[in-house]
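A.B. asks: Letter by letter, the chains look like this.
2 protein chains.
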Amino acid sequence: MSVNLSVFDAFHQINGLKIGFSNAGIKQTERQDLVVFELADSATTAGIFTQNAFCAAPVQISKAHLQQTRTQYLVINTGNANAGTGAPGYQDALDICQTLADAKGVDVTSVLPFSTGVIGERLPMDKITAAIPDALKNMDANKWFEASRGIMTTDTLPKGTSTQFEYQGNTFSISGISKGAGMIKPNMATMLGFIATDAKVSKEILQSICLELGEKSFNRITIDGDTSTNDSCMLIATGVNDAPELTDKNDAFYGVLKDQLEKVFICLAQAIVRDGEGATKFVSINVNGCANNAEALDIAYTVAHSPLVKTALFASDANWGRILAAVGRSNVKDIKVDDIQIYLDEVCIVENGARAQSYTEEAGSAVMAQDELSINIHMGRGDATETVWTTDLSHDYVSINADYRS
Amino acid sequence: MSVNLSVFDAFHQINGLKIGFSNAGIKQTERQDLVVFELADSATTAGIFTQNAFCAAPVQISKAHLQQTRTQYLVINTGNANAGTGAPGYQDALDICQTLADAKGVDVTSVLPFSTGVIGERLPMDKITAAIPDALKNMDANKWFEASRGIMTTDTLPKGTSTQFEYQGNTFSISGISKGAGMIKPNMATMLGFIATDAKVSKEILQSICLELGEKSFNRITIDGDTSTNDSCMLIATGVNDAPELTDKNDAFYGVLKDQLEKVFICLAQAIVRDGEGATKFVSINVNGCANNAEALDIAYTVAHSPLVKTALFASDANWGRILAAVGRSNVKDIKVDDIQIYLDEVCIVENGARAQSYTEEAGSAVMAQDELSINIHMGRGDATETVWTTDLSHDYVSINADYRS
Chain W
224 MSVNLSVFDA FHQINGLKIG FSNAGIKQTE RQDLVVFELA DSATTAGIFT
274 QNAFCAAPVQ ISKAHLQQTR TQYLVINTGN ANAGTGAPGY QDALDICQTL
324 ADAKGVDVTS VLPFSTGVIG ERLPMDKITA AIPDALKNMD ANKWFEASRG
374 IMTTDTLPKG TSTQFEYQGN TFSISGISKG AGMIKPNMAT MLGFIATDAK
424 VSKEILQSIC LELGEKSFNR ITIDGDTSTN DSCMLIATGV NDAPELTDKN
474 DAFYGVLKDQ LEKVFICLAQ AIVRDGEGAT KFVSINVNGC ANNAEALDIA
524 YTVAHSPLVK TALFASDANW GRILAAVGRS NVKDIKVDDI QIYLDEVCIV
574 ENGARAQSYT EEAGSAVMAQ DELSINIHMG RGDATETVWT TDLSHDYVSI
624 NADYRS
Chain R
224 MSVNLSVFDA FHQINGLKIG FSNAGIKQTE RQDLVVFELA DSATTAGIFT
274 QNAFCAAPVQ ISKAHLQQTR TQYLVINTGN ANAGTGAPGY QDALDICQTL
324 ADAKGVDVTS VLPFSTGVIG ERLPMDKITA AIPDALKNMD ANKWFEASRG
374 IMTTDTLPKG TSTQFEYQGN TFSISGISKG AGMIKPNMAT MLGFIATDAK
424 VSKEILQSIC LELGEKSFNR ITIDGDTSTN DSCMLIATGV NDAPELTDKN
474 DAFYGVLKDQ LEKVFICLAQ AIVRDGEGAT KFVSINVNGC ANNAEALDIA
524 YTVAHSPLVK TALFASDANW GRILAAVGRS NVKDIKVDDI QIYLDEVCIV
574 ENGARAQSYT EEAGSAVMAQ DELSINIHMG RGDATETVWT TDLSHDYVSI
624 NADYRS
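From first to last, the protein sequence lines are chains W and R.
According to the numbering used here, the first sequence holds residues 224 to 629 in order.
According to the numbering used here, the second sequence holds residues 224 to 629 in order.
Read the hints as simulated data drawn from the structure, not as lab findings.
It should be emphasised that the depicted structure is a prediction, and the values quoted were computed from it without experimental measurement.
A hint or two may mislead.
[Said to hold, decoys possible] The list that follows gives simulated cross-link-like pairs (lysine-lysine, BS3-like), each with its CA atoms no further than 30 Å apart:
1) W:K286 - W:K250
2) W:K286 - R:K559
3) R:K556 - W:K439
Take the sequences, apply the hints, and build the full model.
C.D. replies: Pasting the structure below:
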């Protein structure tokens with residue numbers, strides 16, 4: 224089940240980027256579970272990665288390779304995360320890169336590996352190395368939909384978006400895909416995101432954009448507060464567009480491109496929440512009037528992670544006391560209860576430390592019955608604002624996660 | 224459903240403390256939902272309270288009254304928390320104290336109010352003030368069992384324990400009751416605890432013991448990471464025992480009494496976890512080898528609050544990768560993955576950043592199938608140790624909390 228998430232299949236191709244896929248049979252025998260991206264010589268690549276201390280072998284290698292040289296290939300498998308596999312798992316991920324590098328005559332450091340799936344099991348290396356040549360045989364610029372399906376794990380639907388825009392006579396394209404449905408929290412999640420544009424962008428500027436937009440999108444979603452060992456989001460600029468290279472943040476094109484990319488980042492991040500495990504609601508938690516962004520985020524996440532708030536959302540129960548209690552137990556010091564107002568969409572539920580005078584159960588329940596709603600918290604202690612997106616906690620979440628390995 | 228929690232009904236009476244109860248009909252018409260404690264003139268009282276910024280009116284008043292004068296009465300209602308009720312709710316709680324004070328001819332500040340139940344609704348004051356005289360009519364030292372039932376909310380069983388010990392020819396008694404089953408987290412929870420002994424103890428020492436033991440017991444349990452607006456734990460020393468007053472921590476009796484009380488505090492705190500909403504397992508999370516206690520607690524709570532760990536526990540699934548990922552996403556900096564060992568009871572599941580060589584799925588599953596188990600995490604970076612107690616996350620948890628108000 225997902226919340227207002229439709230299958231996206233009209234991708235613009237990104238010149239300078241080809242996609243291949245094949246069936247390695249890692250966890251399921253019939254899935255196209257191996258995806259390869261091939262980048263033009265003119266491409267630059269940026270990435271952000273999980274902050275989990277137990278970050279998986281492919282994450283360690285991708286981070287290192289990204290620093291060392293120009294990226295030419297990305298290779299992604301689903302079904303097995305190659306995390307918690309120690310030194311042998313690290314060697315496995317490196318061997319995958321080497322297999323692809325040998326097949327294409329490139330340096331091993333120009334290949335970035337990505338894995339998602341079960342933690343703690345060794346990769347079936349024979350299956351994966353056998354499937355790489357198959358993937359390389361069918362490389363095509365028009366395979367974004369297949370790629371979006373190829374990287375799914377517990378996702379119920381593939382996730383992607385695509386856009387085009389004009390600037391000074393040139394047409395630019397952006398396409399992106401993401402995956403992830405549980406183990407989702409700030410600082411990345413069991414999520415992978417791949418966004419590409421044909422613009423030509425210097426590596427420094429691309430990395431800066433990737434960091435900034437990742438912070439505003441993938442690092443603002445939470446389903447269950449758990450973060451994964453494998454999260455990675457890659458931003459690729461293939462550089463084959465005729466427009467000149469973007470090398471300066473003062474160039475007007477910088478803002479234009481960033482705005483377009485931001486919509487894609489946020490769409491892909493929100494798609495992960497919409498497909499949250501067991502999700503029946505898509506909830507925006509907006510916290511404003513804080514002394515600084517850290518405390519706004521702290522409050523937003525405390526509400527977003529509260530099992531009591533989440534089960535009330537599942538029940539469509541306007542149990543505003545649970546929201547109030549969650550705000551009250553955040554780490555923010557010296558909260559002045561009387562200064563706080565809390566709204567469900569436009570309905571004021573709390574003011575002056577108590578239920579709002581104007582509040583009616585009917586008005587609150589009407590908002591809670593919606594499948595998309597916002598919880599708006601005004602702290603009255605400053606100007607800082609943050610938003611996070613989350614879901615409810617349903618029976619299906621428990622079923623999905625109690626049964627995942629069986 | 225509860226985990227190895229049996230009804231305790233053999234309470235030692237505590238001389239110098241009488242209990243009365245009556246039916247106010249606050250939420251359910253047939254419950255004895257109002258309980259009054261009456262303390263001897265020789266009694267001292269200590270308390271610890273919720274740290275939630277939205278602490279309820281009765282908590283604000285109890286904290287203030289406890290500072291102002293000697294406590295003579297405690298009045299506890301279930302069914303309504305009188306939280307999030309603003310200034311009118313504050314006046315309601317004060318009026319309850321005044322009603323009881325007038326009936327007994329004592330000062331209003333010698334009465335401490337406690338409430339538990341739904342947040343955000345005004346108390347039915349007519350019903351409560353009408354029920355107070357009834358409660359005062361049947362005061363009796365032998366009503367601990369009735370009190371343990373009177374303070375229940377979503378608890379499936381009443382919670383209490385009682386003990387006696389000898390010291391230098393005197394026999395001392397301790398009895399205690401607690402309530403709470405959800406919204407349970409460090410820094411207190413939707414829990415109430417009342418522990419009494421007939422020993423004579425100075426107020427300063429009693430408060431010091433209450434703080435120390437509260438930290439080791441009620442502040443080390445978590446069910447869902449939510450803390451309530453009403454949590455209170457009161458320690459009463461009626462002082463009617465013939466033994467001399469305890470006024471000095473260097474007195475050998477200090478250690479003897481504290482050890483006896485510690486068992487009672489921990490038993491009552493664990494009883495709350497055993498009766499955790501939807502609980503099918505009782506889990507001790509032991510973290511040792513940390514640089515300091517704060518990081519040991521941070522790791523313990525990150526694991527204890529992980530919905531993925533909790534659903535794996537519910538499924539009896541030895542999905543150790545989820546434990547490892549939770550440790551990795553704690554706030555502890557510079558974690559050295561290779562130094563960490565994780566055990567389920569005595570079964571080593573993780574070492575050197577990967578699944579332990581000796582681990583077998585059979586051995587892990589055997590531990591996970593138990594209804595009581597421990598997750599033991601050795602960080603290898605110091606000497607600090609902490610333990611927290613928690614439960615799994617089951618379908619029943621969702622059902623209970625999605626349906627609570629309906």
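A.B. asks: K286 of chain W and K250 of chain W: Cα distance at most 30 Å?
C.D. replies: Status holds; Cα separation ~26 Å.
A.B. asks: Please work out if K286 of chain W and K559 of chain R have their alpha carbons no farther apart than 30 Å.
C.D. replies: Roughly 18 Å separates the two Cα atoms, so the pair holds.
A.B. asks: Is K556 of chain R close enough to K439 of chain W, meaning Cα to Cα at most 30 Å?
C.D. replies: 24 Å, holds
Of the numbered hints listed earlier, not one is contradicted by the structure.
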